[in-house]
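Participant: The residues making up each chain are set out below.
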Amino acid sequence: MRRVSTITVASIATAALAFTLTACGESSTESGGGKNKGLGLAFDVGGRDDHSFNESAARGADRAEKELGIKNKMMTAKNSETEAEREQRLNSLAEAGYNPVIGVGFNYQKSVEKVAKDHPDTTFAVVDSVAAGKNVESITFGEHEGSYLAGYAAALKSKTHKVGFIGGVNNALIQKFQAGYEQGVKAADPKAQVVSQYLYPNNDKGFNDPAAAKDKAKGMLDSGIDVIYTAAGLSGNGSIEAIAGKKDAWAIGVDSDQYQQPGLEKYKDHILTSVVKNVDVAVFDLIKSVKDGKPITGQKTYLLKDGGVSLATSGGFIDDIKDKLDAAKKDVVDGKVKVKTQP
Amino acid sequence: MIKKFDRNKVVLAVAAPLLAIVAAIAITSVIIAATGKDPFHAYQVMVDFGSKSDSQVWIINKATPYYLSALAVAIGFRMNLFNIGVDGQYRIAAFFAAVVGGALTLPGIVQIPVIIIVAMAVGAVWAGIAGLLKTTRGVNEVISTIMLNAIGASVIGYFLQDGRLAKKEGNLIHTPYLPDSAHFFEIPTTPKPVYGFVVIAAVAGLAYWFLLGRTRFGFDLRTVGRSESAAQASGVSVKRMVVTSMVLSGAVAGLVGMPTLLGVSYNYGTDFPTGIGFTGIAIALLGRNHPVGMALGALLWGFLERTGTQLEFEGYAQEIVGVIQGVIVLCVVIAYEIVRRYGLKTQQRKVGEELAARARKSDKAEAAA
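Sequence lines, in order, name chains A and B.
Letter by letter, the first sequence follows residues 1 to 343 of our numbering.
Letter by letter, the second sequence follows residues 344 to 712 of our numbering.
Chain B with its partners taken away, still in its complex shape (with noise of 0.2 Å):
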């Protein structure tokens, strides 16, 4: 019986995502049609192209930070937290970590610890804000961790400028470079190398899944999420869950941009890629919150913008990729609700069986008494 029962389960937990990729191939073959292109020459083109070594690399260096930026946004989403703020923590945490280790000259064992733990820490921080308001004032925060990007965007804005934090080279304004000691180490693959943060990312998607779901709590924080009241009554102290899961979010949302300053840019300038956090959120849906599923949605999203650029290359319109993007996250959205409601609905249908034959049979029973 309860062999059976799971057997069932993983049926329904591959048939999610293979519905959705499902669902989602179509639909962009039909948006790929309407361009009056072929689109079965575009997966041809991604396939080989995305398969490619060099792609390979392109598309781990580029997951990366994504996956930290899930890992960010999931802590929140196990919550029932919508923590939008990733973007405007990862930015500044970023800006604050390259201006101190722009300053300092140490050797690296200790240069880059500093370097991410003040990235961390300032994330932690521009996240907590959001917490506090929200359990001291009760401001929703969705609201709050909104503002707070403009915010955040709006100070380093004011210190990213000549003279100020940061100095200028040619058109570009950065903060001063950091200095050789502060390199991460890359993996050496040809013809790129992979850099090194992958595997903070990966350690990073490791305590994920240990913390929230082998620990006191990650039970207590997840209890929450389910219901308010219900982790109330059992003891747990809501407030102070709200304002450390959002610490603890803030503190991911620092890593976030550690692998471009450590790893490329080695300062932060105009240039710093933005809106990362939010392309975190799109990943922790897709992934469904799961440390291996963010996993794969950071390296799809990878694979997508690396053969997106070849897609035009070949002719296509570079918007769709960013349409197959959205495609896939509605598709994986809808696809698990239905499957879920499927679930739960073949499951009351076999408990109001059970039930039923158990009451003809006591009925029988009595009957027979």
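Only chain A is shown next, with the shape it has when bound in the complex (with noise of 0.2 Å):
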């Protein structure tokens, strides 16, 4: 018996070496297509119906199939992935003959600058990360713009002038957020009193606490605030869960427009508005700069004058304030009022 498994272990492992040598002849590279298929997608974990960052990029390619016929192909993460599945998700688009290929999340960031080497003739784009290269776009969100209305709308609507923000966690893209919220509330009204706290000081546990952000909502309806604005990803479900529990009190969403997400359908009524990032507009710009032969790379930001952010008007909660922030948004964009990224 014993000689038989060394035998069977030496055969094994000669066939294998056998195996490798012979078949490296050709590589998956030489076998690709060659002229352009259309915007190749590789979203994070989630998918396309995530409800709001991956939903918003399908839409950009959406509109691009439409309006300038150009076909996508999209492809999903796996949970736990690692560097190896997110370059060879990349790659495989690359190489098929994707033009450009789009790695959404900042997760992407790394791969996208190693693939971008090998395929000097695609362009890439990693969203709300920059990452290095020629042929590479670094797609980022003037967050601090959208929050700037975000807070005038807060500080217009509030009836005891007190509104809050809630961060998830206290870093330097969400200092961003609460910088243009405290900012457009005092330009709105100038006695408003604004109070800001953070789930948690660098844990990145703060976006996925919902828990924590109801007590945080609590603590803040009972000292009296009535506007909250919630920017920590998941854990907002918490705090506008406990701003529905108290009449006239108002949330405002992050993200995506979350009047219209279903799991929140029940408290539908108290969501003010959402800062929207609106990842279809980078997407499509992209796409159409390919077209067009001349394919934008470099770090891009979007702001509210490109339509990067915006405010979520469902709902129809904010209609009666809609020439008082257009003004806002006027003097922002014509940079009248310079927002601040850090508060």
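Just to be clear, a hint being listed does not mean it is correct.
Calculated lysine-lysine pairs in the DSBU-like style (CA-CA distance at most 35 Å, straight line) [as the list claims (entries may be wrong)]: (1) B/K535 - A/K134; (2) A/K214 - A/K266; (3) A/K288 - B/K535; (4) A/K246 - A/K191; (5) A/K205 - B/K511.
Among chain A residues calculated to face chain B with C-beta under 8 Å, some are [said to hold, decoys possible]: (6) M75; (7) T76; (8) K78; (9) T82; (10) E83; (11) A84; (12) E85; (13) Q88; (14) R89; (15) S92; (16) N107; (17) Q109.
I should point out that these hints are in silico values taken from the structure, not numbers from a laboratory.
We treat Cβ as the ideally placed atom computed from N, Cα and C, and that holds for glycine.
Using the hints, put the two chains back together into the complex; each one sits in its own frame.
Facilitator: Pasting the structure below:
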């Protein structure tokens, strides 16, 4: 038995080795197609129907298909992936002839950098992060400007003249939301009071802890605050729930139009508006630029004036202050008001 | 007589994996067909794409940590210890190895061993806690290792912050980069290189085979696994064996993160791969704790993951690969059990026939006398 197993081992090893050596001839790169097939879109976990970030990118792709006739291929990340999988996904898309190739989510930063180097003739992009490379566009957003309008609306809608901000994690990105919001409140109502609080100083759990956000929001409501803007990812659902429990209190959502979110249907009458990040605009612009033969590369920040961020109007709760908001928006777009990125 | 018995055993040994593969292919075909797609085209895509040279390199690189993880799990399995904590052990090991490696700048010949030793030591300590808890307090290792996974993740979460042991780069937070001297060698193949850590993995596999199959310690370990009381009676200290094998398992788990740390990322960040410890459990089951079996299992896993993305590209549901992996593990476990029972039955029947024949013979002899 012992001898048999040794022989088996030896033959398997030989076979494996032989297989490796002989098959080394062709690599999958050599069998790729030649002409451009359209847009390659690599999603973060969640896929195109995540009601938020990915879905917004997908909308841009759909629009390009309708208006420019550009086909697309969408692929989705699995849970707990490694760099190797992300690289392969981008690679497969680039190799099959898709151009541009977009990685949605900052997780794609490194893999975009690597794969872009191997495919100098394809344009790549990464959303929400800055990646290096001559053929790479780094798409970021002016969250502070959107938050400015949210603050403006909050101050106009508040009856107690006390409004609140809840951040998930106290990092540079979320501070942008806070800074814009506070500035917007002061611009609309100099006498209004803003209370800004964070769920966690630096733990990413802050984006996934609705219970903590619910407690924070309750505390704020008890102190007389009646409009609360929560920039905390999934945690925001907790504060919206708490706010919906109080009459005449308003919540402001973030990233996507949370009024439309099925999971928040019960509370939607309390969702004043949402600061929406329009990834679709950025995606569409890039597709168009590649089609026109002048691909966008380098760092591009989508601000209020590019339609990169906006306030959602579903529910019609801010229709009565529309004129004032439009004026405030115009000030920012024209550069009359400069919104801070640091509180 | 002995020769014939051997041949039966070989047939049985081949029958189990064959049965498993045939059953797995049959079941997955049904599942793919149920999603309204052509299963045979899927296999063709997988074989075509998976055999490309860059796929081979990808698969080997992917399989290396899987194999190490399976070895760590298998050391426990052979002793009837279920070390679910490989996941936490390799992560905390890689984290502290990355911290130490990032803080030192030594010549590569010193730097790399230091990093690897730190990783193995941290992994060993983390697993050793579970071993000690089991021997001193009787805490089941399944519970304690699962808890230690969570604790490990929290410890990493605490230290992996800007200003503590890590720094920020865009939206990613990671430990300082290892110096160039700590980059592990690569085996140059076209178009992408194979990470040199595959050599360490092969050595670890060889050491596993030798230690368990060829030494007194390995014999003791397997004895405890078969029967604690028998081992105790023959003078083996079961408690010491539990702690030692947990420590050993943890040390090997410490190696799991090294191919990534020394060959790809050169730091431990929020994007460091997780979950390899659980993959290791599946591969150890698949490979029947055998060093070669697990190597094939790890390669198969890599192959499935490589081709899975391609399947999605061809319009198949990407979850198909997860289903295939699950089905294969189940089929292997079931097939081996069926074949084992069948083997046992034929053996019993044979022995029974022999005894009956002998009894008849002696009856005849008695009658003649």
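Participant: Next step is simple, just say for each hint if it's right about the structure.
Facilitator: Hint check results:
no.: 1; hint: B/K535 - A/K134; verdict: holds (22 Å)
no.: 2; hint: A/K214 - A/K266; verdict: holds (16 Å)
no.: 3; hint: A/K288 - B/K535; verdict: holds (33 Å)
no.: 4; hint: A/K246 - A/K191; verdict: holds (24 Å)
no.: 5; hint: A/K205 - B/K511; verdict: holds (17 Å)
no.: 6; hint: M75; verdict: holds (6 Å)
no.: 7; hint: T76; verdict: holds (7 Å)
no.: 8; hint: K78; verdict: holds (7 Å)
no.: 9; hint: T82; verdict: holds (4 Å)
no.: 10; hint: E83; verdict: holds (6 Å)
no.: 11; hint: A84; verdict: holds (6 Å)
no.: 12; hint: E85; verdict: holds (7 Å)
no.: 13; hint: Q88; verdict: holds (5 Å)
no.: 14; hint: R89; verdict: holds (6 Å)
no.: 15; hint: S92; verdict: holds (5 Å)
no.: 16; hint: N107; verdict: holds (6 Å)
no.: 17; hint: Q109; verdict: holds (6 Å)
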